[in-house]
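Asks: Residues per chain are reported as follows:
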Amino acid sequence: MTKRKFGLGLSLVLAAGTILGACGTKDDDASTSTDSKGSGSEGTTEAVDFSLAMVTDVGGVDDKSFNQSAWEGIEAFGKENGLTKGDGGYDYLQSTSDADYITNLNNLVRRDFDIVYGIGFLMEEPIKTIAEQQPDAQLAIIDSIVDAPNVASVMFKEQEGSFLAGVAAALMSESKKIGFVGGMEIPVIERFEAGFLEGVKAVDPSIKVDVQYTGKFDDAALGKTTANRMYSSGVDIIFHAAGGTGNGVFAEAKERKTKDANANVWVIGVDSDQYAEGAVGDTNVTLTSMLKKVGTAVQNIAKETMDGKFPGGTTVTYGLAEEGVGLADSRGAIPQEILDQIDEYSKKIASGEITVPETVE
Amino acid sequence: MSNRVVNILVPVISVILGLLVGAIVMLVSGYDPIAGYSALWNGIFGDTYAIGETIRQITPYLLAGLSVAFAFRTGLFNIGVEGQLLVGWFAAAYVGIAFDLPMYIHLPFAIIAAALAGAAWAFIPGLLKAKLQVHEVIVTIMMNYIALHTTNALIKIVSDGGDNTGTINASASLKSAFFESITDYSRLHYGIFIALAMVLLMWFILDKTTTGYELKAVGFNKHASEYAGMNVNKNIILSMVISGAFAGLAGAMEALGTFQYANVKGGFTGIGFDGIAVALLGANTPLGVIFGAVLFGSLKYGALNMPNEAGIPVEIVSIVIAIIIFFVACGYVIRYFLEKATKKKEAK
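Protein chains in written order, with our numbering: chain P, 1 to 361; chain V, 1 to 348.
Where hints are given, some of them may not hold.
List time: in silico DSSO-like cross-link candidates among lysine-lysine, alpha-carbon distance up to 30 Å [claimed, not checked]:
| hint | chain 1 | residue 1 | chain 2 | residue 2 |
| --- | --- | --- | --- | --- |
| 1 | P | 224 | P | 176 |
| 2 | P | 128 | V | 265 |
| 3 | P | 177 | P | 259 |
| 4 | V | 175 | P | 128 |
| 5 | V | 265 | P | 216 |
| 6 | P | 309 | P | 79 |
| 7 | V | 156 | P | 216 |
| 8 | P | 303 | P | 259 |
These are calculated hints, taken from the structure and not from any lab test.
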């Protein structure tokens, strides 16, 4: 009996030894296998010789919002150009903590991607560091400006899109009470808030907007309690700019809608078209979404870089005029006459007749 | 089997079992475990950069582990390492930015500021425990939240409404040009020496001084220690303060070494909580903490390379890493079976 057990133990050790042994010699193996993969993808169809990759912030690639729209942009670009996921094509790495940004960026640069994106303002310092250490790397950052010759910066005029969301909310609200749920209190999110407040004010200065910052982008439970408090106090439309925390706002609205089909609760989504998030049976609590076309921006930079015109050292700003921000299709939730009014404001902002402030006065 | 063989066999078998079960998880979810583990290996030891970064990751784990272990020896469960680390982080960064002194004054000043901040943060639960018998677990958990939001607010004040204190002055930095040159720009910094020195210090305090003896005695039996004429309350507070100082130093490693700044955080860093596991894996001994920190730091850092090189999603990687640590922590079970096997043999 003991002998058998001991034998089992020995064979276990042996098996593990083989695995561990494989680890040791794997070094060159891995590089050859990835090489062959790389050449394979180059051989198929009319794939271009261009590769791109991105690093997400802690929200993760499936945050249904900011990071996800960037990744969808990269995927779309990759498919359009016959690239495959992996080395020599397109890829992403997720960060689980602040300390991971530099490592992830470095890993991608070392894998020789032609352009590496840092998604989100949290990536500002890491991008700066990598830009210095790897002067040959081509980097891009969304939502922040990094002044380095090999970094392209992308900014959005969130306040312009949020202004339209504010107009929509003010015109649609029955209780004349509107809510705003923000993530961390950072300049980007303050632009959402400022634009939104301005939009509401433009329609009806008497409407009260309840502004709450949750301090987090990844806490849906917190978003839910915040939304619960707002709806309970008579708010009927909530605009969230809180990434994953905002999913809790949707959850609360859906819960109320499920309990009472006549409940007048609406959510305005952010970054991507969040219509799918708000589905309750046949109805939907999504009024519209404030689109921030990160994906488009990512693709534009990729195209320019592919044509040899990497916009390093410059900052591109996407506003309403550039169609970088805007409202998503409301799918009937907003009546046509209100849509027309929103459209008017949109034209005025695009033409420069109205300038929307970036900060709350 | 002799005790010595068992002592060596237990960790080896547990790591191997962890790797095997982790491999099964990868296989079942449709990924190549060999590619996965080789990516993990390369992520830890693959090149000088990886080795440098792995040591960098181990540094704060060492100190966080020491912090938890030290309090444990006095019978206190310091869950507040996370908060003490955050205040230490801020204190070090603040001193690093606000002052302009020669390096040999500035750097020690910043490091000591961090240790003092952590110590002060741990003093409160220590005092409450000693004087009012408030359980330290509750207080330290709550102090974590207070630390997170207080430091966030302070960073905003220091940076005029921004979210980042800005880079510390070079005279307060632990950054090492030498390490950078030999590890291909990894963020490895001199902090590792401080961490190792603290391991020695903890061993010295606990095993070579009267204070250490008293601290341990209180941990073994509070009432007996009191009966023997020791001041239990003083020892409880002292233990928490020293523990907090270690945690504050872990914060200094982040502020002066890895990041060179303090920034507004949406949540906890996790280092303090992982520190609990590091300490327990190491059986709350200084040497054991080194083992625990090396294991945690390597796995945590190496895991980043698994999605990068082998294309395994982060979620699966987290499960695999957790399984490996789980099995290592289960060393007791393996020891039990080994001893049972030995006993049976003897019976025959």
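Asks: Tell me, in ascending order, the numbers of any earlier hints that this structure violates.
Replies: Going through the list in order, the structure violates hint 8 alone and respects the others.
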